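Turn these sequences into a full structure, and let the hints steer you where they fit.
First to last, the protein sequences are chains W and D. The opening position of the first sequence corresponds to residue 1 in the numbering used here, with each subsequent residue numbered one higher. The opening position of the second sequence corresponds to residue 318 in the numbering used here, with each subsequent residue numbered one higher.
Treat each hint with caution, since some may be false.
[Unchecked claim] In silico SDA-like links for lysine to any residue, alpha-carbon gap of 25 Å or less:
1) W:K127 / D:K401
2) D:K533 / D:L433
3) W:K93 / W:E115
4) W:K103 / D:K401
5) W:K93 / W:R104
6) W:K93 / D:F493
7) W:K93 / D:A543
8) W:K103 / D:S489
9) W:K93 / D:W490
10) W:K87 / W:G135
11) D:K551 / D:G518
12) W:K87 / D:T383
13) W:K103 / D:K533
14) W:K127 / D:K533
15) W:K169 / W:F272
16) W:K93 / D:V470
17) W:K93 / W:Q81
18) W:K87 / D:K401
19) W:K87 / D:S489
20) D:K401 / W:F12
None of these hints come from the bench; they were simulated from the model. As the structure is a computational prediction, the values presented were derived from the model and not from experiment.
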Amino acid sequence: MSITVRNVGKRFGDFVALEGVSLGVETGSLTALLGPSGSGKSTLLRCIAGLETPDTGEILISGEDVTDAPPQQRGVGFVFQHYAAFKHMTVAKNIAFGLEVRKRPKEEIEHRVNELLELVQLQGLAKRYPAQLSGGQRQRMGLARALAVDPEVLLLDEPFGALDARVRKELRAWLRRLHDETHTTTVIVTHDQEEAMEVADQIVLMNRGRIEQIGGPRDLYEHPATEFVMTFVGEANRVGDTFVRPHDLTLTLSPVDGSEEARVERLVHLGFEVRVELVRHDGAELSVQLSRDEADQLELEPRQIVYVAASRARVFT
Amino acid sequence: MRSRLSLRITALLYLLAVLVGPVVMVFYRALEHGLGDFWDSISNGAALHALWLTVLIALIAVPLNTVFGVALSLAIVRRKFPGKGIVNAFVDLPLALSPVVVGLALLLLYGRQGWLGPWFTDRGLQIVFALPAMVLATIFISLPFVVREVVPVLREIGDEQEQAASTLGAGSWQTFRRITLPAIRWGVAYGVVLTAARSLGEFGAVNVVSGRIQGKTETATLYIDAAYLDFDQKGAYAVAVVLALISVVILIGMSVFRPTEETA
Numbered sequence: 001m002s003i004t005v006r007n008v009g010k011r012f013g014d015f016v017a018l019e020g021v022s023l024g025v026e027t028g029s030l031t032a033l034l035g036p037s038g039s040g041k042s043t044l045l046r047c048i049a050g051l052e053t054p055d056t057g058e059i060l061i062s063g064e065d066v067t068d069a070p071p072q073q074r075g076v077g078f079v080f081q082h083y084a085a086f087k088h089m090t091v092a093k094n095i096a097f098g099l100e101v102r103k104r105p106k107e108e109i110e111h112r113v114n115e116l117l118e119l120v121q122l123q124g125l126a127k128r129y130p131a132q133l134s135g136g137q138r139q140r141m142g143l144a145r146a147l148a149v150d151p152e153v154l155l156l157d158e159p160f161g162a163l164d165a166r167v168r169k170e171l172r173a174w175l176r177r178l179h180d181e182t183h184t185t186t187v188i189v190t191h192d193q194e195e196a197m198e199v200a201d202q203i204v205l206m207n208r209g210r211i212e213q214i215g216g217p218r219d220l221y222e223h224p225a226t227e228f229v230m231t232f233v234g235e236a237n238r239v240g241d242t243f244v245r246p247h248d249l250t251l252t253l254s255p256v257d258g259s260e261e262a263r264v265e266r267l268v269h270l271g272f273e274v275r276v277e278l279v280r281h282d283g284a285e286l287s288v289q290l291s292r293d294e295a296d297q298l299e300l301e302p303r304q305i306v307y308v309a310a311s312r313a314r315v316f317t
Numbered sequence: 318m319r320s321r322l323s324l325r326i327t328a329l330l331y332l333l334a335v336l337v338g339p340v341v342m343v344f345y346r347a348l349e350h351g352l353g354d355f356w357d358s359i360s361n362g363a364a365l366h367a368l369w370l371t372v373l374i375a376l377i378a379v380p381l382n383t384v385f386g387v388a389l390s391l392a393i394v395r396r397k398f399p400g401k402g403i404v405n406a407f408v409d410l411p412l413a414l415s416p417v418v419v420g421l422a423l424l425l426l427y428g429r430q431g432w433l434g435p436w437f438t439d440r441g442l443q444i445v446f447a448l449p450a451m452v453l454a455t456i457f458i459s460l461p462f463v464v465r466e467v468v469p470v471l472r473e474i475g476d477e478q479e480q481a482a483s484t485l486g487a488g489s490w491q492t493f494r495r496i497t498l499p500a501i502r503w504g505v506a507y508g509v510v511l512t513a514a515r516s517l518g519e520f521g522a523v524n525v526v527s528g529r530i531q532g533k534t535e536t537a538t539l540y541i542d543a544a545y546l547d548f549d550q551k552g553a554y555a556v557a558v559v560l561a562l563i564s565v566v567i568l569i570g571m572s573v574f575r576p577t578e579e580t581a
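Put into structure tokens, the structure is as follows:
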């Protein structure tokens, strides 16, 4: 285990940010802390980095208890959502900061900075100031700066949260590739389930300061442990106590075994998929996901009567 | 268009009447009989000593208030401690309090019958009617300026850069020197200019604690006052012009050294 979190709790006044959180992160893995805002995911990451001190519990990095160690002694690299760029320094100076603080020889620093500039594809921008970079470039600089000191653990706090959708996707894929090359133990905080699923080996889903479930992307989606996991990871219809995914519903034009009558309320075309909004005869509202071909074959129209059956449903008690 | 023009003219007239006019008058009266005359007025021993004393006090008070002002600002913005609200309010006290009251308070504390005065006198240290009390009074009066300039800048830059520096291995002194100080340097510079201007111009508090001994504890402002009351208008104007020139030089120095690039 590269990072071990044991029974960590943290309060801010009356607000309970973390409660009884325990977690293991394996060496060389990429873990995502996923959850809605206020779920405690950022606080947990900041506790690991030493930017917050937990009220209870302990944190170990590489087997060493670092609960009371300042951030400087933890060997972590931290990437901030809003970049935290050193505004009065050039890109090269930003990246060199950790090495200069460590008083490394000049040639070594220069060599390492060039290496990192290439890694994050910022060659030629070394002499620019952060204000002259785009958001995506600034965040890549932030990553290079964190990686410069060869951290044992790389921690990213919503690193792509302030970027537009296209740049986000690019950087996300790039981060995964980078991780596959460097194998630095990485923890990324995100509220975007797609991002977590695309990037991480292990997802830690948090809610209200507690961990709801830990598992691989597929685990969480296919075997949600709680109602919260079911509704937060992927979409879900709720009817009474039963949950069903939109793509686990099938539509037919005539009744089949186990199907129930429903009326089409609205059709939403989303490129290759079509979302059908239904009201069942008992008043329950359902959303069904079909491929475009399936929808075309059924020739669906609003106010049409169809029959809906669930191939898979879950009840949480 | 028209209303904007009249607004501009009103603003200009106002500035002319309350600011530029009096300053120009002082310069005019000091220099109306030529530079030689002007030089004669300030080159006497008492005037030169007064100017030197004013500069000396500023040279002590400004660095002290700069260092403590920055430290106080960091404490107010970055730390949590009991009584922070009171500390924050107390910083403004010199702005609210009349300098004369400050002077009297120092007399009460360090004077011959004061609480601490005898203790210092026993050890051969003269506080009031001497340089120490004048420096103390000036420090007190000019304390808020660095804090009031630096606090908003510190709030605005936030502490993320400092946190980033700490995760990169920088200790608190390294973080301050390499990250915080460069980020607040213009706030500090403005604070220093205001502190210097206030120190050079201080009259009320120093008037009370100095004893006004000519050639010994008479600062430039006290000299101007004494000269004016003594019907030596030329001397008063001349020293006033020198004081004003020092301020102008400081202001120009600021804008020359201030780079035009780097924003956001």
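Going through the hints against the structure:
| no. | hint | verdict |
| --- | --- | --- |
| 1 | W:K127 / D:K401 | 42 Å, violated |
| 2 | D:K533 / D:L433 | 23 Å, holds |
| 3 | W:K93 / W:E115 | 14 Å, holds |
| 4 | W:K103 / D:K401 | 37 Å, violated |
| 5 | W:K93 / W:R104 | 14 Å, holds |
| 6 | W:K93 / D:F493 | 16 Å, holds |
| 7 | W:K93 / D:A543 | 56 Å, violated |
| 8 | W:K103 / D:S489 | 16 Å, holds |
| 9 | W:K93 / D:W490 | 18 Å, holds |
| 10 | W:K87 / W:G135 | 13 Å, holds |
| 11 | D:K551 / D:G518 | 19 Å, holds |
| 12 | W:K87 / D:T383 | 23 Å, holds |
| 13 | W:K103 / D:K533 | 51 Å, violated |
| 14 | W:K127 / D:K533 | 55 Å, violated |
| 15 | W:K169 / W:F272 | 20 Å, holds |
| 16 | W:K93 / D:V470 | 23 Å, holds |
| 17 | W:K93 / W:Q81 | 20 Å, holds |
| 18 | W:K87 / D:K401 | 29 Å, violated |
| 19 | W:K87 / D:S489 | 19 Å, holds |
| 20 | D:K401 / W:F12 | 19 Å, holds |
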